[in-house]
Every structure is written in C-alpha cells, then in structure tokens.
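Q: Listed below, chain by chain, are the residues.
Number of protein chains: 2
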Amino acid sequence: MTGSLDIVGLGPGAEDMVTPEVRAALADATDVVGYLPYVARVAARAGLTLHPSDNRVELDRARHALQMALQGQRVVVVSSGDPGVFAMASAVFEALEDWPAAQALNIRVLPGITAMLAAAAALGAPLGHDFCCINLSDNLKPWDLIERRLRLAAEGDLAMAFYNPRSASRPEGFAKALEVLRASCEENRLISFARAVSTPDQSLLTVPLGQAVPEMADMRTVVILGNSATRSVGKFVYTPRFAR
Amino acid sequence: MTGSLDIVGLGPGAEDMVTPEVRAALADATDVVGYLPYVARVAARAGLTLHPSDNRVELDRARHALQMALQGQRVVVVSSGDPGVFAMASAVFEALEDWPAAQALNIRVLPGITAMLAAAAALGAPLGHDFCCINLSDNLKPWDLIERRLRLAAEGDLAMAFYNPRSASRPEGFAKALEVLRASCEENRLISFARAVSTPDQSLLTVPLGQAVPEMADMRTVVILGNSATRSVGKFVYTPRFAR
Chain A
1 MTGSLDIVGL
11 GPGAEDMVTP
21 EVRAALADAT
31 DVVGYLPYVA
41 RVAARAGLTL
51 HPSDNRVELD
61 RARHALQMAL
71 QGQRVVVVSS
81 GDPGVFAMAS
91 AVFEALEDWP
101 AAQALNIRVL
111 PGITAMLAAA
121 AALGAPLGHD
131 FCCINLSDNL
141 KPWDLIERRL
151 RLAAEGDLAM
161 AFYNPRSASR
171 PEGFAKALEV
181 LRASCEENRL
191 ISFARAVSTP
201 DQSLLTVPLG
211 QAVPEMADMR
221 TVVILGNSAT
231 RSVGKFVYTP
241 RFAR
Chain B
1 MTGSLDIVGL
11 GPGAEDMVTP
21 EVRAALADAT
31 DVVGYLPYVA
41 RVAARAGLTL
51 HPSDNRVELD
61 RARHALQMAL
71 QGQRVVVVSS
81 GDPGVFAMAS
91 AVFEALEDWP
101 AAQALNIRVL
111 PGITAMLAAA
121 AALGAPLGHD
131 FCCINLSDNL
141 KPWDLIERRL
151 RLAAEGDLAM
161 AFYNPRSASR
171 PEGFAKALEV
181 LRASCEENRL
191 ISFARAVSTP
201 DQSLLTVPLG
211 QAVPEMADMR
221 TVVILGNSAT
231 RSVGKFVYTP
241 RFAR
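Protein sequence lines correspond, in order, to chains A and B. Using this note's numbering, the first residue of the first sequence is number 1, and each one after it goes up by one. Using this note's numbering, the first residue of the second sequence is number 1, and each one after it goes up by one.
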C-alpha cells in the first residue's frame, strides 16, 4: 500500500464553490488534517479520521500529515480558499525540505477559489487589470517590508488585495497600512471590504480611501484597493481592462 | 419574465475544476456567450443557444449578452479561468456603464480557478508569499507601463505571475520583459513555464532566469517568476511563507 498527500483548497466558504476534484480527494481520504474551522467543513464518515489542530502550528501539522502518508494513509490537508495562497501548501513543502524520505511520496496540490477572487466576484471586477496580493500580517515578515511593498505597488498603480488585514493580536497594523496608502494614493480611490464572502454572514462595503477606517476590517475580511481607474457602475465596482 | 446575466469562470480546462455553482448556472441558461473555444466546452442541449464569437470583440460580446438578458433570457457569459482576471467581467461592466437601462438587471459574477492558481498548484506553491499578477499584452496598455510594473515588482521582491506572455502578433514583447527582469533579478531566480495546465497537453518547465528564452512561452502558457527565496524541493517549486 502506498500513501498519498493531497493539499486542497475548500474555497471561501460556500459548498458549491468546492471543486469536484477536491470533493473526490476528500471522498477517498483516510485522514483529513487542518486548522479546526476548516476540518469542521468536512463531513464525518466511516473510514475517515479527522485531525483538527489549532492555528499557527502549520509546520507541525504538515509534518504530521507527511508522517501519516509515509505510513500508507491517504491524507488530505485542507485550507480555506486556495492552498497555495497564504495557506498550507508552502508549509508542507517547507517540512518536505528537511525530510528526504518523504520526497518520494505521491503529493498533489489541488487549487481552490481563493478569498480575493470570491471577494472580487461579489464586488464586481476590481481585479480586472494588473494587481498584487499582499498579506498584511507581520508574523512572517518585517513590517518595513510590508510598507515598502505598499508604496511600490501604489507607484506602479496596481490594484491590491490584502489578506489578514487586521488580527486580534495586532490591530494597529492595518491603521498603519491605511496611512501609507493614503500618502501614496488619491483620497477618492475606491477601497472595498469584503467580509465572510460566500457565507450567510457576507457583507460588502466600498468607500473612498479617505473615508476608510481600520474598524471596517476584521480577521474574516479581504480588502481590495482599486487602481487609479477603478470605479462604480450601479452597485458594482470594477477596474477597466485598459490603462493609459 | 425577468432576464439575468451570469459571468462565470470555467477554470483552466479540466472539467473537475469547474465549480458546482458555475455548473448550475450553465444548466439553467437559455443562452451562452463567449470566445469560441470556451463556448465549445459547454455541452449542447435543448433549450440552450450557444453564441460563440471571435477573439478581441469583448465589448460587442458583452453588449449582446446584456441585450439578450434585457429581452428576458437567462444569459451566461463564459470565460476560461476566473471571469474577473483578464477576462469578461470587466468588459461587461464597461458595457454596463453606457447603458443605464441594463443596470437594473440581475447580474452575478461567479468565480473560477484562474490559470495562475492552477499553474502554481501543478508546480508546487510558487505563489505562497506576496505576489503580483501582470498581463504582458500591450493591447490595452502602453508597453512602458508594463516595464515600469516589472521593475517595481522586482524591487519589492514580489513573485510574479504573467498572463498572455507571448502572442502570435507580438512575439517580441516577452523577450523585452525577460531583459527587464534579468536587469532587476539575480540569474538563478527560478522561472516556471506552465502550459495548458490541467489539460492533456499540460507541460511544466522550471529554469533559472538566466537560462529562460522567449520560446519557452506561447499563448497557452502562464509564466511564474519566483521571489528571491523561491526554491526547489524534489520535483516541486515553492516560495517560503516567511521573508526577512
């Protein structure tokens, strides 16, 4: 018997945004590993063991998954959104780097609908031109680097999608990010707050950057800042395909 | 009878990457509109009219879709990948801007797996840290702006995903982009060419930037340039979650 490891994305929350490919991997799994609220989205069944774990133990979780796969289990590591965007795929490859024996395993990454794309769709099309995607948490990088990236992205007139804008432990980071953006962008630049997208708790708010306050974001919010051409049409926000 | 317009993403090619949400919209449609090869992915059935059109007529196609929805049809506009990433959603909102009567329509954007995320998953996790997404076609923006964005993204040490790297009509653009990137990044930076991802024609190639040649990309290729920390582990390429 040969074990396997699939690193899959469950999408932003709605069950009808989970791809059939991911659904099939879950149906075939013997073990599902992941952060507790994501594992809770997988239905219990005979022959399946669920292994929920706490936040911020990504590397331990990845090693546990690799170990079970080496023992012959069919393991699925679940992330919300897409596993390759600020989620578990990089953590598994980090664990793999120090574990040559595990490199022979059958490992697949199965993509999912990442939060910024579900948010953009709910809002209209704010990412319809060149854009960047930045994690505002300074858990894994220095704050100076975040500020530098914000300034450079603004200089390049890129739309920006922000993950983890405001954690409970570091609420001041997003206020600083807004200051940097206000210094680089015009006051009427559109900024959108998309919370709990595709779930019953979904809420959407778009304001001019000059009116944005940190409290508009929480841990379940993706923030999308438009480029200089982003505008409203009816209830939607979109970025034109062209630029001058 | 009230018409509706859904702008949906079919994902990169594999049928098991089409979300159930998009599948349901297609099953309920009276009319499907889109670029010919994407419309060809929708099965014919009684009660459904397919409206394939040529490339580069996005705005005409959007107006046609809005017109049919105003007449009471249930219209679905299809894009490959995600409709909000260099695809039809922005074109529909552009058309809507000049057509107040159509702004009362029931319009939804349904996300899909965009090519860069499917490519990243097939390669490992090269977009596992902050990144940007740039369309290298100069059909809709001046070439100078593309070069400026490449330089700024390199300065910010962002990984980069490139759409439309090399069109038949403008093969020289990608050669110029590689020159700009080589001037800004070290020679051994990893660059990946992911062609026809998730289809039977899929091919993956990763080389150091110094060895990349324009002929490695064609119209079906997504190109992903790593950041300064991106590396190989086994047959995979990944970008660590952390940065210094």
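None of these hints come from the bench; they were simulated from the model. It cannot be assumed that every hint is accurate.
One copy or any two copies: either way a pair holds, since identical chains are not told apart in the list.
Unchecked claim - With a Cα cut of at most 20 Å, we get these calculated EDC-like pairs of lysine to aspartate or glutamate:
hint, residue 1, residue 2
1, K176, D28
2, K235, D98
3, K235, E97
4, K141, D28
5, K176, D60
6, K235, D54
7, K141, D157
8, K235, D218
9, K176, D54
Q: Now tell me if each hint is right for this structure.
A: Each hint tested on the structure:
| no. | hint | verdict |
| --- | --- | --- |
| 1 | K176 <-> D28 | neither (45 Å within a copy, 47 Å between copies) |
| 2 | K235 <-> D98 | between (50 Å within a copy, 15 Å between copies) |
| 3 | K235 <-> E97 | between (47 Å within a copy, 11 Å between copies) |
| 4 | K141 <-> D28 | neither (37 Å within a copy, 47 Å between copies) |
| 5 | K176 <-> D60 | neither (32 Å within a copy, 43 Å between copies) |
| 6 | K235 <-> D54 | neither (38 Å within a copy, 30 Å between copies) |
| 7 | K141 <-> D157 | between (23 Å within a copy, 12 Å between copies) |
| 8 | K235 <-> D218 | neither (23 Å within a copy, 38 Å between copies) |
| 9 | K176 <-> D54 | neither (28 Å within a copy, 47 Å between copies) |
Hints 1, 4, 5, 6, 8, 9 from the earlier list are contradicted by this structure; the remaining hints agree with it.
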